[in-house]
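J.: Modelling step: build the complete structure from the supplied sequences, incorporating the hints.
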Amino acid sequence: MNAISTYKAPLAIGPYVQGVSFGDIVITSGQLPINPETKVMPDDVGEQTSQSLQNALAILSASGLEARNIVKTTVFVKDLNDFVKVNEVYEQFFISQNAPFPARSCVEVARLQWMPKWKLR
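For the sequence shown, the positions run 34 to 154 when the working numbering is used.
Quick caveat, the hints were computed from the structure, so don't treat them as lab data.
Predicted, not measured: the structure shown is a model, and the values here were computed from it.
Since no wrong hints were added, every one of them can be taken at face value.
Once the Cα atoms are required to be at most 20 Å apart in a straight line, the calculated SDA-like pairs of lysine to any residue come out as: (1) Lys41 x Leu65; (2) Lys41 x Val59; (3) Lys118 x Thr107; (4) Lys105 x Pro66; (5) Lys41 x Met74; (6) Lys111 x Glu141; (7) Lys118 x Gln64; (8) Lys105 x Ser129; (9) Lys111 x Arg144; (10) Lys41 x Lys72; (11) Lys111 x Ile67; (12) Lys118 x Phe134; (13) Lys105 x Gln64; (14) Lys72 x Gln87; (15) Lys105 x Pro133; (16) Lys105 x Phe126; (17) Lys118 x Gln130; (18) Lys111 x Cys139; (19) Lys41 x Ala95; (20) Lys111 x Ser62; (21) Lys111 x Leu145; (22) Lys41 x Asn68; (23) Lys118 x Ala143.
T.: Take a look at the structure:
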């Protein structure tokens, strides 16, 4: 397993790496929509979507891959009402990269609840 690191995406801020390669497989860590040069997160959800995708692509590019090599994504949104805009930007990203659409999951994080005491039966 080899760590992937690039200054073209926000650096890891904890005990993790931007991505790892393991044989022919590359896995990236989740990417916040922070511009790696300005360190600023845009307010607009469309711009946030675009920045997160560009950050992930920068990590993939550092390992010699392209958007067409992406097979699975997970999208976390704060408000599912923003999904239409997120989806538009997401679609245009893959079209602009001449890449097929990967498999995808989408989770609204604002509605996740922590269950502090799991009961096993």
